[in-house]
Each structure stands twice: as C-alpha cells, then as structure tokens.
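Starting from the known structure of chain P, fit chains U and R onto it as the hints suggest.
Each chain, written out:
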Amino acid sequence: MPDEPKSKRVESGLIVGGIIALVAVSGYFVGLRQTNSAIAMTRAVAVVKHDTHRDLTGATNVPVAVRYIDQDWSRDGPNAQWRNSLVDFQQPAASAPADAAPVAMEVKLAALQARASRRAYDGAPPTVPHPIMQDSSAACLACHAQGLQVKDRFASKISHPTFGGSCTQCHVSSRGAFSSADAAVFAAALTENSFQGAEAPPNGPRAWPGAPPTVPHRTLMRSDCMSCHGPKGLFALRTPHPERQSCTQCHVPAAANDQRQFMPAPPLDAVKKTDTSSASAPPANPPPNP
Amino acid sequence: MLTVGLLVSLDSPSPHVMDRLKAHPAMTVGEVTDRWLPVAVEADDDESCREYHDWIAAQPGVAFIDVVHVNFEETDADSNPSISP
Amino acid sequence: MIQRREFNKLAALAAASAVAQARAQQSSPGAKLATNDEITWDKAPCRFCGTGCHVRVGVKNGRVVAIEGDQLAEVNKGLLCVKGYHVGLALYGKDRLTQPLLRRNGVLEPISWEEAIETIAQRIQAAPEQFAIYGSGQWTIPEGYAANKFIKGGLSSNHIDPNARICMASAVTGFLSVYGVDEPAGCYDDLDKCDVLIMWGNNMAEMHPVLFSRVIDRRTRGEKVTLIDIGTRRTRTTDFSDHYLEFRPHSDLAIMNGIAHLLIKQNAFDAKFVDKFCNFRQSPKDPNATPTAPLLGDAMSFDDYKAALEPYTPEHVEKLSGVTAEKIRMLADLFANKDLRITSTWCMGFNQHSRGTNANRLCHGIHLLSGHFGRPGDAPTSLTGQPSACGTAREVGTMCHFLPGGRLIANEHDRHEAEKIWNVPEGRISPEIGHHTVLMWEKFCTPADKGGDIQTLWVQVTNPGQSLPNLHKLFKAKAGQPDKFLIVSDVYRTATTELADLVLPSAMWVEKNGMYGNSERRTQQWFRMVKPPGEARDDAWQMIAVARRLHDLGHPGMKDKDGRFLFSLKNDKGEEVPVWEWPRYYDMNVDKALFEEYRLFSRYKHKDLAPYDEYVKARGLRWPVVQQPDGAWRETKFRFSEFDDPYVKKGAEIQFYHSVTKDDKALIWFAPAEKAAEEPDAEFPFWLCTGRVLEHWHTGSMTRRIPQLHAAMPHSYVEMHPEDAREHGFANGESIVVKTRRGELKLPVWIDGRGHPPRGSLFIPFFDERLMCNDITLGDIDPISKEPDYKKCAATVARATAAP
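Chains as they are written, first to last, in the numbering used here: chain P, 6 to 295; chain U, 414 to 498; chain R, 969 to 1772.
Just chain P, same shape as in the assembly:
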C-alpha cells in the first residue's frame, strides 16, 4: 500500500522531468539551427579580419603549441576528419516517403546495386566503406548503434543488436588497414576472383494486388528491419509507414525464403539422441580396463 503514492510521485516526477528535458532539447536544436544560419551568413557576406602581426614577445599565458609529433593522432582515429565539419552534423527530419510516388523499379534496382557493391553476396556481412578504428568496437557503435545521417551520408543502424560485441569479427574495412608508404606496391590483388554472389531479390510476391508484400530475402542477422527499411536506410528501400512498429505482423517470409525449409529433413532425432542433459545411459561398450 505505501508503495503506491511513492510510485505515483516517481511517475509524475518523471513526467515533469521529461517535459523539462523535451523543452531543453528542442531549445538546444532551435539554438543550433540559428547558429548554423549565422555561420552561413558570415561565410557568404563578411570576411573576418585577423590581427596577423600581433607581437607576442614577453606575453604570458600563451599556451605552448603541441609539437606535431606529440599529437595523439591515434585518439582521433581514421575518421578524424569528420570533426572538421561538425556543422554538418545536424540531423535532418526523417523524410516521409509516404507522400512520395511509389519507387520506380529502376530506382529500387539501383539501390540494391549500391547495397550489393559492399557485399560478396546477398546475406554477406557488408564491408565498411570507410577506414575503421582497429582496436575498438565502441568506435563502430558510436555511429551505428542507432544510425546516423550526416548530410547525404548514412551510417546504418545495426541490424542485429543481439550480436553487438565484436563488430570487426564480421565487418572489415574495404579501405585497407593503414596507409603505408609502400601501399601501392602491395595493393595489387593476388588474382581476380570469379565468384558470383547470390543477388538480393528485388521484391517479394504478394498474395493479391494490395496485399502486404512478403519478405523477399532471408532474415538471418537482419532482425531489425528498420536498419535498412527505416529512415536511415537507402531511400528506395524505406518503408512508407515507419510509424508501424511490428513488421512481421503483416510481412512474412516468401515461400522461397522460408528458412525453416533449410533445416534438413529430420534433425530432431539427431538432436534427441545427442542430448546430454538427461542422465547418461551406461555404455554398450565394455568398461575401460585401466
């Protein structure tokens, strides 16, 4: 009984706190937008004058510049240059393709082609199109945990959050490990590879015109549909109704991709026979003779 008012207090406290946070956050973004436009104006119109001939002899409190060699470049990592254009980091509102006309097949195929260029086959873990931090998975998740948009570039959201540990186990950079002076000498591939990967099917069959389309591809390691079909996915692949959360309520795997079919006919008896959770029966073989 005494718990009830307490929990109510907590709840109302949360609501008030939430409102404050909301106001603060929106205020922050409003401010951000103003700052941006101010910067843009300054750039276009005025040129800041700099005092280039200040005499600093005898001045105190002048910070000592860090020697170039002492700079901790590793901290910045291979994507350090992103910091140079922080102004670009504003998050555009999620586009609403619902208003747009249905995506033309060519556009969709082009999007699939773009996707395929980073995958050996449909279902392969995509390679990373930028250099990566070599010794930290946290660096990957900084952008890819929730997805990020910077101007026209998208950092896609992780599609398999339950496997969120060691990113580089499956995803390697297509840009090499580091830049060496002799990179050109070593860059040449040993040989061409004639592998031709399975293609991502463009769309899944519908039961009748107007029925929700079936999922045309396999879904292993793709449990978060919004990774590709959400607002940070490729435009042509986005869902027209991002507000609906439960994708598999209406979209089921196409028959050809029913992953249950890939399980071999009767694994059940093999599983049963090898189950060791039950007490073991005595061996049919003679007991050991040490």
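In case anyone wonders, no lab produced these hints; they're calculated from the structure.
Misleading hints may appear alongside valid ones.
Each computed PhoX-like pair below joins lysine-lysine, with the alpha-carbon atoms no more than 25 Å apart [as the list claims (entries may be wrong)]: (1) R:1441 with P:162; (2) R:1240 with R:1287; (3) R:1538 with R:1585; (4) R:1253 with R:1630; (5) R:977 with U:435; (6) R:1161 with R:1233.
Below, chains U and R alone, put in the same frame as chain P:
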C-alpha cells in the same frame, strides 16, 4: 608569397563551381576526381589566404575544404609584381 | 624566378590532386550479381580454423553463390566470422591450379594425370625408404587416413608428419603427459558456463572470433563473465578484457608457478581433489633413458613439489615476468575460489614455445591443483588453428610416432593391432619412429651424401614454403639440388610450389566429400556440392592412385595378407569399385568406406566414433560417441566426469581412465621457469613475435584471393611501440628493415595500429607471401613435442635504404 594546395569537396561535381574557381586570378584548378577538386591558391599574406578560403567556402556546391599543402617560400616574384602572370 | 613560383604552384596542386585521388579510391571490391533463382543449401564445416563452425552453403548452377551461419550448429549457433562468411570465394580465385605440372628445364609444364601418377610411383618404387609425406591438419579425416595407411601399412615407413607439428604438437604432449591420452576433457560448453575466462597468450577476438563472441555475447544477455587477457602485447582481445596482464615473453611458466606457489602457501589448493585424483611429476633425470622418458617424467612427492615451488613468490615472479605481485595474487585468489568456474584457453602462445610441453603441463597443473576441473565451466582447453588438426593429425595419427586412434609406433602391441585391422602381415609396420617435421625438411634440404636421407617429399594441403620456421635452412636450401624431388598437391600456386618439381591440382572443401575434427573432439561430415575446376582431383584419390600404380608395379607392400590391394573398397552393396580410376571414384562414397575402417581404431583409447551415417545427420558429434541400449548414439561433452562420461565408473566422480600411472590419476607437473632459446641482447635488442590476423588464414593462399579480405588487410606489417619508433625516427607506414641472425625483412611499420606491443617488442603477421617473416624466425624446437618456437627471437630494426 604563400602557395597553398587545397582539396575542395563538392556536393556534386558541378561545372558551375569549377568555372568560378577557374576564373579567379589567384587560383589554379586541377582535375576533378569524383567529387574532389584540387586547387592551388597564391596569396600575398595569410590574411588574403583566409579571404580566399572563405570565398571558396561560400560558393554554392562546396561542401568542405581541406588544406593539404602550404609553401611560405619568398620568391623574387614577390618583389617584382609586374612580371607576375 | 617565375619558374620557381610556377613550381611551387604545381607542387601545391600536385599535393591536392594526390589527396583527391586517394579520397576517390573508395571502390569496394563487390562481386558481380547473379540472377536469382533456385539455390540449394547444404551443410559443411567451415574450411578455415579449428573452431569448427558449420556453414550453410548455397549452390546454384554448379557454383557456390552464398554462405550462411548454420543455426542448428551448436558451435556457432548461426554466427560466423568474416573469413567464414567469405569461405565460398576461396574456390574461385582465377589462378586455380587445373592440371598437373612437371618442372622441365626449370619451368612447370602441363602433363597428364597418368604421367604424374607414374612419375611419383617410379620415384617411390626406386627408393621407398627415401620417400616422405608432409601432410596437414587440413587433410580430411579419410585423406589423412589413406596417406597414413599407405606409408605405414604399405611402404613400412613412418616418414609422415603433418603441419600440425608446427601448430599443436605441444598441446598433444601436454595432454598425453598429464592425462595419458590426447585432447581436451572439456568443450565449448565451458565457455557458456565459466565465470572467469583466462586467455593465455591467446588473441581470441581475432583468432577464434566466433568462440570469443560466444563468451562476450553472454554480457549482452546480462550475464557476468570476467575476461583475463594474459599476453605479450595489447590486442583486440584486450579491448574486451577486465584485466590485462602483460608478461615478459617466455615468462608464462613463472606466472603459473607463482599461482601454484600461492595456492599451496595459502593452503588454498583443493587437497581432496589432489589426494583423490592426482600424482606429481617432474622432468626425468635422464631424458634419453627410453623414448617415452621425457613424456613420463620422474615421480615426485607432494613435499618435493612444494619445495620446488618455494622460490616462486609473487615478488620473484614479478621480477621474472613483469606482472605485478598483486596481479599474481589476484589470479591465485581466483583459482582458490571453488565457487567460481574458471576456463583457460590457449593456442599458439603456449604451443609454439621452446618449452611448449611444460607450458601446457603447468596450465593443466594449476587447474588440477585448485580442483577447477571436470565441472562445466571449469576446464583447461587448448584451441587449434586448423579445421582438422584434432581430427586428422591427432586422432588419425598422421604423425611420425603415432598410429590411428592414439596408438604409438613405439608400442609393439599397438603396431600389431594396427596390422590386424589393416589385415597386413605382422611386422609390416616399422618400429622405427619417422622424421618429425623439422627433421624431415632438414633431411630433405641436406644433400644425400651429407646425410640427407629424404629424396622425394610429397606435400598435401599445406604451404611449408611459407609456414616453416627459418626458411632459408629448412626449405629454400632445396633449390639447386636436382636429385631432390618435391611433389605438391594444392589448389593455388604458393611459396611451396615455387620449388616444386611436380604440382598436382587438388579439389578443395565442398568440391569433394569430407570429414573434419575440431578443437572440442567434434567430428563433422559434408558432401561434395560442386565439381572441382579443370582436372583438379581429390587428395585421397591421388594417394590411392599412386598406391594402385605401385601395386601394379609389384610393390609387395601394396597388398594385404590375402593378396588384396590395400585400398580395395566396397560400395554399400558389397561390390568392389576400382576407385583408383578417377571416373569411378564417385561411383561409391570412398569417405564412408575409409571412415568405417578407421572407426575400428577408435575404441582403444575411448575415442569412439559413430557410424558415418550418424554424422550425415548431425552438425558434428563429440567423441566418445557411445551407443545406448536403445541404439541411439550419444556424444560426450565432459570427459572423465562421472555425470557425463559413460566410461567413468559409477561413484568415481572423476576418473582419468587412461592415467599414465595406471591408477586413474592425472599428473601435476613441476617445470621450472627457463630462459627463451634466444633473448634480446645489445646487438639484437628487440623481441620478435609472429602470428596471425583476423582477415587472413595462415599463409593467406586462400584468403588473399578473396577480394573483401585482401582489401581489408592488403599486406603484412611490423607493429612497434610509438616510443621505439620515435627513437629510431620511423614514421607510421614507413618501410623499415627487421633483422635477425637468420636474415632480414623489409616491411612497413604500423604504430598504434591494431595491436600494441610494449617497448622493445615487435610483431609481424605471417600471412603475406611477399613479406615472409619466417625467413627470419628462429626454428628452435621444444625438446619433447619437436614444435618450433615462432613467438620469440631476438631482432633489430633499421631504416630502409634502397627503394622497395
């Protein structure tokens, strides 16, 4: 005299921006690769350097500028502006 | 002066253009798209490491088009690593070997298979005792079995050794001398149950990534597991670890002695467990007394053991290892706590160690001493690097001193048993132990008149021209000796085919039927799914065809007691099929026939294997697989533990039923901390360590032909501490020269990259054929296991002078 090598990142390779940069007397424009445009800028001092930098940044279609090369060398041309091109 | 100004301008422009081009080079090595129709899927274990993940292979129009993690597989539960996901591409490098090649006047020229088989048979027939086979932990079980039977049961020679000798021989001698029988008692299930995982010199995040994820994904589920990385450099594994203990190379022996010292000093060892299940041992006074003396050791009392450990106080161990006394105490406290479940894993750090056997023994020792053994999650577990190092090298016994099923050449009883199963006359198997790997190559590279008694050497499924240590001495010295004949069966040209006289194109992975055995005693099976390119053929067929040709040439060893050919194989209907004729090879399942014969060997050491068909149904089964009264076949997860191992007597709790001392007890060994074979000095002040990277598998002959993996890791490098680099004035990415007493190597330096070696220490991966670190490694071997130390030698660095 400063000679500066800039890497201009374009939103998309548009001939309009390149023409404007080419027309500028202090700038020499290299060949565009994908959406990256190399530009060499000659300037009298670092103040005019900044002006040029901001001018390029203000051009529509320019996304970002990287400074990749700076040369502070004094040449005779500085003391004899009449023969500069 | 205009020119000067123009020059400055051009220089500025050139610099900017270079960057523009670098930025534009973002091209991803994507593959061309296929049309999407029917894809058929089948299971196979991954071709690469010893983890033994199962993949699902998607095949369309006779070609592999997709790979997926197998959700039914207990090992990987649907997950793979980047190599596994791209394993299908390994088949399609454009330079696959497609026809037999014979070296004539220095050039490899195409010949027919008949000629090739004839050439080999003639050389063997002329001097069978000078013929040797260098095999592999990538051989399938039936392939290794065929080779083993051919040379030991047919040619009466034991000159066969696998590359596993340079990979996990020390783990074998460790297991044998502690438990009396090879291979881990625990399994990967321990990784799901342990509270503490200690990785001894083991960069699991890169080398066994799927197993590593199996542990760290437990954290995602809210479980607590403490990871302890004991290593000689910081790696990706360190990033996930709760504790990082950096030790001086080779001082791991001191650390383990320090733990044992504290357990005893604080009376925190498991006295009951030790009393019931353990005896004590130390190195023998006379290691040459008998061939097995180093393996068996001399008995010692508990008091002797205690006294031997006396000097290893935490402070003394700190001095030897660089690991603080406080951290040594922390480790000892963990082992002292019986409520915790502790799993230890190791791989090449312990094994490629000139005291590798001792390192393995001591690790088993601290688990036994503390009683952290035999419960799920309490296990000392050695990991392997090749898909069938356990299955083919260890279980089939394709080593110079082994016979199948854990039998020893040195043991007359074991030889006679093998002769019985092979139905060959008694005395057919030579009692003389053959040449182990390093000796075999030394003998092959030494001229015949100087004692080099191997003249013909057949290499299958491995690349010793890159992976042997000290290559100048052990491989390259073959050049210029026309009487030495090197046969290489492989799928691509490698550093080994460079010196080959005869190259045979092989079928690989799902181009043939196969069976592998992984690190946790799991035997796996797969079927052929696509055809090999050109005239490439199965390795087992090559061996059988040569045997048949020798049979026809009249070699007496190719016939059994009843005058039948050694490989006279029958199909399911009991009809003999002439499988030595290639068109008939797939008229029956040769794998099944060979495996069913091999299975007869497996009961002796309780490594019982199930019938072939059981493996067809399963995603691998862990031996001993024991038939139940209802006819079902049951695998064993935890050996020697009563609750799971059917061979343990009721009420025994733990029974080491192959005990060296024949009293069901395991051995706790004492081994002193010793110096490395070569330590840094004034002239060569750096430690040099070699190893692997995530993207490439071993010598890279497959992975370097996979565009995605090549793009991610295009070349080798040397890792160095930034302070060391600064002292030498090296910039990141600059090519430098690394020198040892054996030679020098020029390669780019990587500072603050993926791994972070401490000061005075270097690391070079060995995957790159163009930058072969084994030109400069030491090649000193463990006296017991004969496994070379690749992890430690003295080196120096210098600025590169000439152009690359």
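Here's how the hints hold up against the structure:
no., hint, result
1, R:1441 with P:162, "violated (53 Å)"
2, R:1240 with R:1287, "violated (33 Å)"
3, R:1538 with R:1585, "holds (22 Å)"
4, R:1253 with R:1630, "holds (22 Å)"
5, R:977 with U:435, "holds (14 Å)"
6, R:1161 with R:1233, "violated (29 Å)"
Violated hints, listed in ascending order, are 1, 2 and 6; each of the other numbered hints is respected by the structure.
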